[in-house]
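Enquirer: Taken in sequence, the protein lines are chains A and B. Position 163 of the first sequence, counted from 1, bears residue number 163 in our numbering, the numbering being contiguous throughout. Position 204 of the second sequence, counted from 1, bears residue number 204 in our numbering, the numbering being contiguous throughout.
Simulated from the structure, these hints should not be mistaken for lab results. Check the hints yourself; a few may be wrong.
Now the stretches of chain B that chain A is said to cover, found in silico as 3 or more residues with beta-carbon under 8 Å [what the hints assert, rightly or not]:
#1 148 to 160
#2 167 to 174
#3 262 to 268
#4 296 to 303
#5 344 to 357
Label-pair distances were calculated between CB atoms; the ranges are [claimed, not checked]:
#6 A:TRP254 / B:ASP248: 37 to 45 Å
#7 B:SER118 / A:GLU128: 53 to 61 Å
#8 B:THR153 / A:ASN118: 36 to 44 Å
#9 B:ASP207 / A:PRO276: 30 to 38 Å
#10 B:SER118 / A:THR255: 17 to 25 Å
Beta carbons: idealized from backbone N, C-alpha and C, even for Gly.
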Amino acid sequence: MGAVINQLPIGLSIAAVLLLIALGLTFTFGQMGVINMAHGEFIMAGAYTAYLLQDWAGRQAVPVALPVAFVVAGLMGLVLERTLIRRFYGRPLDTLLLTWGVSLLLQQLARDLFGAPNVQVRAPEFLEGGLGVLPYNRLFIMALAAGGVLAIWIYLNRTAQGRRMQAVMQNRQLAAVMGIDTGRVDMRTFFIGSGLAGVAGVALTLVGPVGPALGTYYIVDAFLVVVAGGLGALRGAVAAALALGLLNSYAEFWTDASLAKVVVFAAVIAFLQVRPRGLFVLRSRALT
Amino acid sequence: MTATTPQTPATPATAPRFAAPPPAPPWWARLGGPAAFTAVALLALVAAPLLLEPFRLNLLAKYLCYAIVGLGIGLAWGQGGMLVIGQGVFFGLGGYAMGMYLKLHEAGGDLPDFMVWSGVERLPALWAPFASPAFSLVFAVAGPMALAGLLGTLVFRRRVRGAYFAILTQALAAATVILLVGRQGLTGGTNGLTNFFELFGQDLAADGTQRGLYLVVAVVLGVLYLGARQLLRSRFGRLLIAVRDGEDRVRFLGYDPATVKTLTFAVSAGMAGLAGALFVPVVGIISPALLGVVPSLELVVAVAVGGRFSLAGAILGAVVMGQARTTFSEQFADGWLYLQGALFIVVMTLAPRGLAGLAGTAREMWSSRRARA
């Protein structure tokens, strides 16, 4: 019983990180059909942003880096969307390979800029210690994800921009006919989605070292969250991230680390037998 | 994919759905294909073993193993529209089957060396059947086909497709690597299986053995290529291409796209498994690093570079990228990663049909100029 409780904060914080990563993916994937393999490298960019800010902000680097990393990763996403991905709409499978090329470039760039060995970011003083079994750093990550979800929800449902984004996601052509500049909305979506990856990267510095391959550890799981959660649905991403994060940490605990991923994979395949399009689906009468 | 984003056009940008049928070629042009095949076969089977030094011939054998995987990718992805980015798993299954046989043969009734180092005391039950070479070879092909068949059945029956399917194959590759690395005593962990000296009584280090292995790989590749071509010309092949271009329409016509896709996926997995089994004696190692997400994707990209819509292009791409990798990483190790990344971006952006597509474009330009003259 004690183990169940001890494992809970670990599972929840994995879920929180997955959620931050998957939110961005579910929007770019759901709205534009883009499978962005370079998303993992935006996570890495966020983490290195925190590392670099240490010189200036010292131990307050993590809170300071949150907005900075959002903008840095967001701008990287924006540049990627404008220069390359824009040419690939309607060819979703090709974007996967294209962005993988980008991700290789960015990883090697990070290796050349920051060196291949991992670096550490020191957590701020106020995150040391914890409440019983709940370390403050993991609590902080959970709060961050919860705040992120809330902000996205408000943005999508309470602002004109967000509603336009939903409109494009549900039916691009109809939205364009109604006078929405879909190209602009795509840019915004990519900026926000990539920015969230940057925030996730900063959060990851609290629980582990930072290296050029940081993103690759999480990107596959984050894609599984998108598959299980359904496209473009906020609540789907939240539920799937929670389920997969918890399953991951408990499977690691009860079997061992090497079997956990297999368990998660089997669970996703089994789940797709029941809900082949994921937990929540945008209903549509359109056929291929 | 298009099912999930109904607003995007379903037609692949690179494959026009309503292309006019090409005019029937003259009789001499129809001989072009067989003539080219014979020329390449002679080059590969006669010229290469005579002219190349053993080290280069061994490298070529390795590229040809990758080309067999590439052929399977070309079939599943180029012709069937299924982006398979976890072929490393099937390659690895075949490779480990062969590696386990060689390891047991090496140990000659004792435990394989790495098991002794990991403190394993009895041979695990999983290993026992691999003492038989026949079982190992059959498993190297049948194992991957069964796994792909199972995954395909579960996924395609539920009409999960496009990007979803690609992501699932990738997740399978990631999970497999972690599993292999974690089970040190069973699989040799990160090091994988290596230190092989003998195959069917032949010394693996001898030039003659390696030349023989090269010929086996080349012949297998040639036979599989011809088989895949024949498959594409059959009714099944027509159906496969139809599924790629309009899966729902095929279903409305009364066919079952899931069966077509599952069978094709299984065939491509079987090819990858066979390639893995050949790879092990040629290169002398099979390890998790050879079958994860990155090597799987590298192979897909090699096929894209060669030309995904052409089976010959898929083979060409695997060989060219293999050679490029060797050449450039010999010269500057880090630069290769930049070059590789940049190459994908350029190919995907400017030449999505790859080298074979460029050749096709050149041929069309030439024939249209002739027609005008």
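Enquirer: May I ask you to test the hint 17 to 25 Å on the CB atoms belonging to SER118 of chain B and THR255 of chain A?
Expert: 19 Å, holds
Enquirer: Mind checking the hinted window 36 to 44 Å against the Cβ distance between THR153 of chain B and ASN118 of chain A?
Expert: 42 Å, holds
Enquirer: Just to be sure I understand the hint, the distance between the Cβ atoms of SER118 of chain B and GLU128 of chain A should be within 53 to 61 Å; is that true here?
Expert: Distance hint for SER118 of chain B, GLU128 of chain A is violated at roughly 39 Å.
Enquirer: Check whether three or more residues of the region 296 to 303 of chain B sit with their beta carbon closer than 8 Å to a beta carbon of chain A.
Expert: This one holds; 3 residues, not fewer than the three required, reach chain A with a Cβ under 8 Å.
Enquirer: Does the Cβ distance between ASP207 of chain B and PRO276 of chain A fall inside 30 to 38 Å?
Expert: 54 Å, violated
Enquirer: Could you say whether the range 37 to 45 Å given as a hint is met by the Cβ separation of TRP254 of chain A and ASP248 of chain B?
Expert: 42 Å, holds
Enquirer: Take the region 148 to 160 of chain B, compare each residue's beta carbon with every beta carbon of chain A, and decide whether three or more fall closer than 8 Å.
Expert: holds (count 6)
Enquirer: Please verify the coverage claim for the region 344 to 357 of chain B: does it have three or more residues whose C-beta sits within 8 Å of some C-beta in chain A?
Expert: Check passed, 5 qualifying residues.
Enquirer: Mind taking a look at whether chain A covers the region 262 to 268 of chain B? Criterion is 3 or more residues with CB to CB distance under 8 Å.
Expert: violated (count 0)
Enquirer: Can you confirm whether chain A covers the region 167 to 174 of chain B, using C-beta to C-beta distances below 8 Å and requiring at least three such residues?
Expert: Coverage by chain A holds for the region 167 to 174 of chain B (6 residues, Cβ < 8 Å).
Hints 3, 7, 9, counting from the list given before, are not met by this structure.
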